[in-house]
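Construct all of the structure, not just a fragment, from the sequences and the given hints.
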Amino acid sequence: MASHNESIIREPLMTGKDITYAKITNDILLPVENKPNKAWWIGFTVASLGSLLWVVSISYTFWFGLGAWGLNKTVGWAWDITGFVWWVGIGHAGTLISAVLLIFRQNWRNSINRSAEAMTIFAVICAATYIVAHMGRPWLAYFTLPLPNQYGSLWVNWNSALMMDVFAISTYFSVSLLFWYTGLLPDIASIRDRATGLRRRIYSILSFGWTGSLKTWQRFETVSLILAGISTPLVLSVHTIVSFDFATSLEPGWHTTIFPPYFVAGAIFSGFAMVQTLLLVTRKVLGLENYITMFHIESMNKIILLTGSIVGVAYITEFFIAWYSGVEYEQYAFINRATGPYWWAYWSMMSCNVISPQLFWSKTLRTSIKFSWFLSIIVNIGMWFERFVIIVTSLHRDYIPSSWAMFYPTWVDVSVFIGSIGLFFTMFLLFVRVLPSVAIAEVKLLLKTSSEQAKKKLINENHLDPVEVEYYKESLTKFDSIDMVDYEKV
Amino acid sequence: MSKTKIILGLFDDPDDMMRGIDNLQKNSIPIYDIYTPMPIHGIEDKMGVKDSRLGYAAFCFGCLGATVIFSMIYYMLVHDWPMNVGGKPSFAIPNFVPFTFEWTILFTAFGMTITFFAATHLFPGRAPRVMDLRATDDRFVIAIDAKGNIPHEDITNLLKQAGAVEVKHNERKYVSYE
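Read top to bottom, the protein sequences are chains L and W. Residue 155 in our numbering sits at position 155 of the first sequence, with consecutive numbering throughout. To convert a position in the second sequence, counted from 1, into our numbering, add 1000.
These are calculated hints, taken from the structure and not from any lab test. One thing to keep in mind: the hints can contain errors.
Said to hold, decoys possible - Which bits of chain L does chain W cover? Going by a derived footprint, with three or more residues having C-beta under 8 Å, they are:
#, stretch
1, 142-154
2, 166-179
3, 214-225
4, 228-236
5, 270-284
6, 441-453
Unchecked claim - For lysine-lysine, the following DSS-like pairs were computed, each having C-alpha atoms within a straight-line distance of at most 30 Å:
#, chain 1, residue 1, chain 2, residue 2
7, L, K215, W, K1003
8, L, K215, W, K1160
9, L, K23, W, K1168
10, W, K1003, L, K448
11, L, K215, W, K1088
12, L, K456, W, K1050
13, L, K215, W, K1168
14, W, K1160, L, K457
15, W, K1173, L, K215
To be verified - For each label pair, taking beta carbons as the anchor points, the in silico distance ranges come out as:
#, chain 1, residue 1, chain 2, residue 2, range
16, L, S351, W, D1015, 51 to 59 Å
17, W, W1081, L, L66, 26 to 34 Å
18, W, W1081, L, I369, 54 to 62 Å
19, W, R1053, L, L154, 39 to 47 Å
20, W, P1089, L, L154, 17 to 25 Å
21, L, Y329, W, D1080, 34 to 42 Å
22, L, R199, W, P1030, 56 to 64 Å
23, L, T410, W, P1094, 37 to 45 Å
24, L, F319, W, A1092, 31 to 39 Å
25, W, D1154, L, G287, 40 to 48 Å
Source: prediction; values computed, not measured. Virtual Cβ for every residue (Gly too), placed ideally from N, Cα, C.
Here is the structure:
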């Protein structure tokens, strides 16, 4: 049969009473099919102003050149590459949720994968803008491509990690976009079949003529699984290659073999923090409490705790290896990080990334929405500082003391960064208005197996082990979308 | 002769729909197609649909991508303009790995997905051939070609027995989109 009963001791992935397939469609399409509410307009206004700031500061950079930034001869990479690595890292959670969790058959991904993937795409767009901006002459961006030219042809340097980055980021962006859009087709078809007039026409074009026939679904599932299978190593390769940008150099503090795994863990860590930042607000504003439940929030917090601990271990390992290597330049780089002029950045990073996620060992904190949101912001800040510490403190004092310098950002540096956050939120807010922010078809799969109401029905049928039922009821108490009064009599 | 072209059995539950398929198959009534708002697991076996061969396509595209980029780098870095960097060999295979890996993935993803779109006739602007508008919402639809499958009342009864909430006798195959 199509559906089976899931074990009662597993927590429900969907809550709410009298949920039907139609109600799922209605609930999720509510923001798409109706005028936006006040909260959306406020958010959109603020985000658009941020985007405007981005346009102004980027235009200023292009007009006056990179001298508008605080870079100098010693610190040639600073806020731009920090912002780039930060955004790429944030993008990683989306692919992790959509690909890795699909391979591991973690059904809780079904309700968060869509918006997490959208977040990936927007984050990678933000990251790419830093690269293009740092080129100074963005109209020459095609120089990074191996195109025949009049200089020989003089080809691109295939031995460079930066070239690998071009390939990794472009592949990552296009494959993520493809994965996301393929998954969107059935949901766009749902909007299309409910819409009329011009809307129907637009969504009809976007839906590629999706009908949901037997063979279409079968092939769709094959495609999703293979895309997930290839996206998993892809996402790991992307941040590995980003870390090569640093690790293949001879800079003290950068030239270490721990960088690839350490960057990947950090990327997932910051990505999940950003997913929390977005989804905790989205679920409230769009009324998706029944689909993005406390179980999802807690699961993500557990991943933050795990990856945060990996990052913490990596920081300590780096320090240990610097001492153990006996290389004095390496040792100085790390002592300088913790006690030099940028000590405040280092200790911000340490407290935000290593100490604060450990608070998630407490179940009360892990299941508190307000605290989760607060901590997700802290982690985002901490991860930004991590990149700043790695990049700026390593560069500002390297081998030759006579060229030691400090880096001070200008208003353009700061505006590009704040502006890119505005750009990100503008894109995300537009996305939730025109496309379903939860994968409708995938959530429907959960209704008969993993929803609260299906489990309640099982309990009411009275064939279950009472100990297991008690255990299940206890696990429900943390949910903010479940009224425990209903369970008193059962 | 009736003008009915297609008979649609509309179910509101996938398990009922599966029972509907059983009923029809027991009576040797061929099913034209099935439209559902979500993938139904186990339906392929029941309907005797063969495994998708998209995996083979994906593998071939992956091999193609790896070959293309590896040859490209070989040509540019080793053959066309070899550079002497500290006397190191031009043909440094470790440096080829990240590029080869990325394009293997790129070609696999795009090759396979485009094959999927082509095989399923999906492309931007294609007129959706929808039989019932609620098949993308909350109805699980079994479509039966009305021609040759008579009497229609028997089919209706079989579907109703299985729990169909509605049985439609449509004179047009697809819902018109104008």
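Here is how each hint holds up against the structure:
no. : hint                          : in the structure
1   : 142-154                       : holds (count 4)
2   : 166-179                       : holds (count 7)
3   : 214-225                       : holds (count 10)
4   : 228-236                       : holds (count 4)
5   : 270-284                       : violated (count 0)
6   : 441-453                       : holds (count 5)
7   : L:K215 to W:K1003             : holds, 28 Å
8   : L:K215 to W:K1160             : holds, 25 Å
9   : L:K23 to W:K1168              : holds, 23 Å
10  : W:K1003 to L:K448             : violated, 38 Å
11  : L:K215 to W:K1088             : violated, 54 Å
12  : L:K456 to W:K1050             : violated, 37 Å
13  : L:K215 to W:K1168             : holds, 22 Å
14  : W:K1160 to L:K457             : holds, 25 Å
15  : W:K1173 to L:K215             : holds, 18 Å
16  : L:S351 to W:D1015: 51 to 59 Å : holds, 53 Å
17  : W:W1081 to L:L66: 26 to 34 Å  : holds, 29 Å
18  : W:W1081 to L:I369: 54 to 62 Å : holds, 59 Å
19  : W:R1053 to L:L154: 39 to 47 Å : holds, 43 Å
20  : W:P1089 to L:L154: 17 to 25 Å : holds, 20 Å
21  : L:Y329 to W:D1080: 34 to 42 Å : holds, 38 Å
22  : L:R199 to W:P1030: 56 to 64 Å : violated, 37 Å
23  : L:T410 to W:P1094: 37 to 45 Å : holds, 40 Å
24  : L:F319 to W:A1092: 31 to 39 Å : holds, 32 Å
25  : W:D1154 to L:G287: 40 to 48 Å : holds, 46 Å
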